[in-house]
Structures are given as structure tokens and as C-alpha cells.
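Those protein sequence lines, which keep their order, are chains R and S. So for the first sequence, the numbering used here puts the first residue at 1; every next one is plus one. So for the second sequence, the numbering used here puts the first residue at 1; every next one is plus one.
Just so you know, the hints here were simulated from the structure itself, not pulled from any lab data. Take the hints with a grain of salt, since some may be wrong.
[As the list claims (entries may be wrong)] Okay, the calculated bits of chain S under chain R, using three or more residues with CB under 8 Å as the criterion:
1. 74–85
2. 169–180
3. 270–276
None of the values given here were measured: they were computed from a predicted structure. Glycine included, each C-beta is placed from N, C-alpha and C at the ideal position.
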Amino acid sequence: MRRRAFLKQTAGSAVVATLALRAPAVLGQAKPFAGVTIHGASFQHVFHSYLKEYIPEFEEKTGMKVDFTTQAFPVYNQRADLELSTKGSAWDFLNVTFIYSGRWIGAGWMTPLDEFTSDRNQTPPEFDAKDFVAGAQSSLQDAKGATYGFAWEAGAMITGAARGDLIEKAGLKMPATFEQLVQVCEATNGKDGVAAFVADKLHHWNWIPYLMGFGGRVFKDPPDNLTPVLDTPQAAQAAEYYANLLVKYGPPGLLSYTDDQAMRAQLSGRANIRTQAIGWMTPLAKHEESKVKSTARYELMPGGPAGQFPGSNSHGFGIPLGAKNKKAAWAFITWAMSKETLRRVSLEKGYAAVCRRSIIDDPAYRKAMTFNGQDLAALYLKVLELGGKSGYMKYRTVPVFPQVGDKINKAMERIATRQQNARDAMKQAQAEAVEELKRGGIKLDA
Amino acid sequence: MSAIASAGRARARAAGPGGAALERRFHWWCLVPTLAVLGVVTLLPTLYLLATSLTPLNLTQPATQWNFSRPLRNYAFLLSDGRLHGSLWVQLKLSFWTVSLQLLLGFAVALMLNLRSRTLEALRTVFLIPMVLPPIVVAIIWKVLYTPDISPVHWATAALGWPLPTLITHPSYALGAIIVADIWEWFPFTMLMILAGLQVLPEEQVDAARIDGAGPWQLTVHVVLPFLRGVLLVAGLFRLIDSIKAFPLIFILTDGGPGTVTEVTNYYSYIQAFNFSQLGYSSAITVILVALTVVVSALIVRAVGWGHSGE
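With the sequences and hints as input, model every part of the structure.
Below is the structure:
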């Protein structure tokens, strides 16, 4: 053997040996989880449909079978709530939903993940937990900073128009204020058979930016003071405004729309504007079934007299306390949330709402997130920045939010179907929320 | 089992006066396994429900599970819960319309199918299809029919120039939409029971009435209906109890909305338990619902009576 060849071989072996020593032990084996099946669940989301396309590669690599089911948002949350509260073992990993994160983590129903991340045998160094955007991770941590999940979505609410061309034809621009939003809807509704506005029925997510834009709030001072403040004039004004958007400019049957139905209405070009998390908006320009790729337009969430308050949240994968296959579940999470997988989902599928700083800062991501000349990544970062600034999203992670959110949903339905005017509906929502919270033993202002 | 019982009776008779006690004891021993199973399956969960209703059980606070410090707290809350009172009114409307229309439609179709005809005999099976479908499938079928984007009904009516409003999101029609779907699903049950009753109606009674000059209407009112009273009562009670348990149609079609227009008590109890984790309060609602169901059923049995089919 020649001297050069010998040196090359030795150096190569040293690199391989070093990598092997640094690699987690579980990945050192050929198929470390052969014969293991893990079960996981989440609510339906485009991210999951993208991720599912890559799961066979993970199964092939590890020998593990991944049974990952998704359900409608409320259905999943109810099931997960029950499953976690009974310390059930049906699921090995699941989604920690933003509005339930305070409740699930606070009640001790989730497995702390720090013991995994600090274990070199179970976590590859390139996983780099610190690469996740701190704001997105905050709802997945407890008061002491222990981590219970890793975020797959930082939901940043923006405005997406499927038929931006109709707005341009009307001589208008993408709306930046509530007033302009109504103007645009008024000018374009019904043109080409397109409804001007569309939304899903989760009003307690969609409506809050409008409530805050008009100067209203959900609670007095969350998380310290959970007294609801839904009966203010600002709340009534915001409710009236939003209900009008739904009724006057929405397609028939809008009040029963799920997230997916709303997205389909936009993809098919039957509905135009929606204010929703960015994950539901990029498919307009990227989804293979989209008929509106060339006409999709994006803008920040419109602002009201009190400012701009686009919704921002985060959802992440975690491991239930009662899970049977925690090691396998963790291996799945480290793969699904790895830089490599998220990079592929982001660049190949056009998924914008990634939570890894290294991907967001990558020029390839910025390029992939530029649709029809619009820099979506910039919008995304702007929303995350706004959300982190004043902490206005704190209302959403308090454990009692599901109760109060339900009252908001019901009130909005009553207003939109003209069963009640906005003032009375919000008064009723306030009274019901107060009664509900008192029943749950929450201390409220007199 | 009856052979064993006969043997037991024979032995008891042969044993003289002490034999009756022996027979009673034998009967009790036969009943013990059934009662034990019934106790475990029905009584224990009911007792647990009752016990839970006396606590402020909240899933996020495990310490509340056996807290009996204020046992009537939940029941006191029931009195001031307007949404619960509204749900009872919705329940009353849903039960009244579904049970009465299912009995009416079931009776009409059963009368038709009771005629001797091969075509009608074949139709019997077709009529049973909705009843044998899983309830969630029925709910999805109606969800499709009621969703304007994909509904052939909406397309057809729009093509004819009579566009329908979205029934499940319209406060005036949402409950009606659920009633229609429920009737479609369950009228075959009442039809089947009534048809079975009609088929054992003694021919002599019908013939005698005809000889006395009764027309079809009089025959139905004075002969058939009194004969079927027991069957109608049982079918009605089954449907009433089922209507109080209505869930899949409401869950899939309206989620209790718009607002609370279609929110029945059982659904409200579910929301309290599984959306808000208030299991104690939800149990109190369920206890009241069970009590109301028992009382209403007893009143109906008393008012209607079991009929004269055996006389």
C-alpha cells in the first residue's frame, strides 16, 4: 500500500470512528426498532400530510412502524384530553395543541423531554434542540423551563387571497386595515362566482385578532387575572364586524366549514380572502391541486384602530406520560423534527411555518418561500416578532381557555345567524364564561 | 334451561310442602349469575356516576375525585345554568318530533308492507338499510346532503331555481335537519316492530269487524290500533330513550349549533366532560337526565298501558 493511500484510509477510518462514537447508540444498529409499532395522533394539518410522505423512509431506516392518525381539530383535542387525563397508553407520541399546552403540561400529563435531549445515546448531536425558535418553544415548556415538546408549527396568521387578480382588477390592493378589508370584500364579492371571504368555524382563533384590533381582550390580564372581558363595547364592535364578514361575503354553509374545507374553497378558487395561519396559506401557491397558484397574494393580517394583532401559536410533538414506547417515540420525534426532515418538508413542499432558526435563515428557504414575487418568509418573521413583542397571545395557553373559547364560538354563531345582536351575544358569552369559570373554582374579579 | 327448571319443579313436588321453598331457592340460584353480571355492568357504573356527581371532579385536578365536602354543589349549579335549561327544551322538541313522526311513518309503511305482494316483500329489506348502517355513516351521508358545496340536493334545487339555504347552519332549520335525518335512520325500527305486530293480528277480529260493516279507517282506529297499543308503546319507549341519547348526528352535522339551537342535554353533558374536563358537573347533568328518562317512561307506560294483544 502506498503511503498516501494509507494516510487517506487512516484519516477516513478516524472520521468514521469519531462519527460512530458521537452517533446515538440506537442508530448504530442496522434496524434498531425492528418489530416495534408506535402510535401517534394529531389534528389534521398540511404539515402532517407532507410528513406522512416521508415516514416510509424512516420506517425503512429503523424497522419501526409508525401509525400516525389525524382527526379534525376539536375531535383530536377531546380525545387527547381524555387519553392524557387517564394516563392512557394508546399513543406513543402526540401533538401538544397550543390551547391545551398549559393544561396538559401543567397537569403533568406529558413526559419531560430533557432527559432524552441530554442523553447522547438517544439524541444525535445534529438534532440541536437550541435551534428551535424560542418563541415557538415557550408554550411547550413549563414554568421551570423543562421541555415537553418540539414545535412543528409556529402558526403565524397572515392574509391570503386566492384570487388576488380580482382585487387588482377592482383597482385595490391587499387590505392592510379592517376598513380596507371590507372595501375589498365589497368590491370583489361574487365576481367570477367567487365569495370574497372564507374562514373555518374556529372563531375563538380567527376572531381574536379582530377583537384585539378593535382594542378588546379575552381576559383581563392573563395568566394572572383570568376574569373574562367579553362584554366590552370593543368586543361587540369586533364581533359585529367579523360576523358581517362571514355572513355578507362568505360562501353558503360557511359556518360549518372546517380548516380543510376553507382551504379547499380557496384552492379551487371558490373563495378569495382568508386570515389564517401561514401553514394553510402557502398551499394556495404550492399545492398540486391548487387552481390559484398564479393569482395567490399575501399580506400581513389587517390592523384595526388599536393596531395589528395577528394570531401566533405553536404546536409540537410530545410524548404522553403513559406511553409504552417512549424511546421509539423519541426516535421518531428526533427524525420528524430533525433539520433534514424539516428542511425537506419546507423546501420540497413549500411548508413555511418551520420553527428551526437554521432553516428560516437559510437563503434556500427564503427563495422557496417567495411566491409570485412575494417574500412570505419576511411576513412570517414579522408575525412571529409581533407575537413575541407584547405577549398578547398569552390568553391562549391558560388552562381555562377551552371553556371561554367555546363561549366565543357560540356567541359568534348566534350573531352570524342573527339570533342575537352582537352586544347581547357578547354579554351572554361573558355571563356564561364567568359562571363556567366560577364553577371550575377559578378566582375572578367581583 | 327449561328442562332443568321442570326437573327442579318435579323434585320439589315430590318433596312435599318443603318443596316450594326448595323451588324458590332453586329459582334464585338460577338468577344469581344474571343479577351479578347486571350488577357489575349496570349498577356499579350507575353508582359511580352518582358518587361522581357529588364531587367537583375535574380531570386536571386529581384531588377533586373523592372530594365530598360539598356534595350538592353541582346540583345547585344546575338550577342556574341557562344553557342546560335551553338544552332540555331542545331535547324535548327533538324527542317529540322524532318519536311521533317515526311512529306515524313506521305505522304507515308497515300497513303498506303488510299487504300480500312480492314487490312489497322485497321492499322490506330496502327499508331496513338506514337502520343497519353505523350511526356515524348515517351522519356522514346527511352531512354530504346538507353541505351546499357537495350536495346533490343543493345542486338540484339550485338548478330548478329554488336554492336551499344551508339547513345545518340556519337557526330555523338546523334542528329540523337533524329530525329528518333521525327519522330516516330510525323509522325502519318502528316499522319493523309494528309490522311484526300486524302479522299476528288475528284474522277473525278483522273479519268480524268487516262483517259488522267497518270500513278501512274504522278497522284501523278500532281494531288495529288497540291491538298494537303494546307494540307502539314499546317501540315509542325505545325511540324515546334513544332520542335522549342522540349524539352522532348532532356531533357530525351541527356540533350543537348554530349557537345552541341543536344542543341537547346529553351533548351538553359531553361538552362539560370532554371539552371542559368538568366530570363532576357532567355526571350531575347525566344523573338528572337518567332520572327524567325513567320518570317520563313510567308516566307514558301508565298513561298508555300495555294494550290487549294477549287477551
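Here is what the structure says about each hint:
no. : hint    : result
1   : 74–85   : holds (count 5)
2   : 169–180 : holds (count 3)
3   : 270–276 : holds (count 4)
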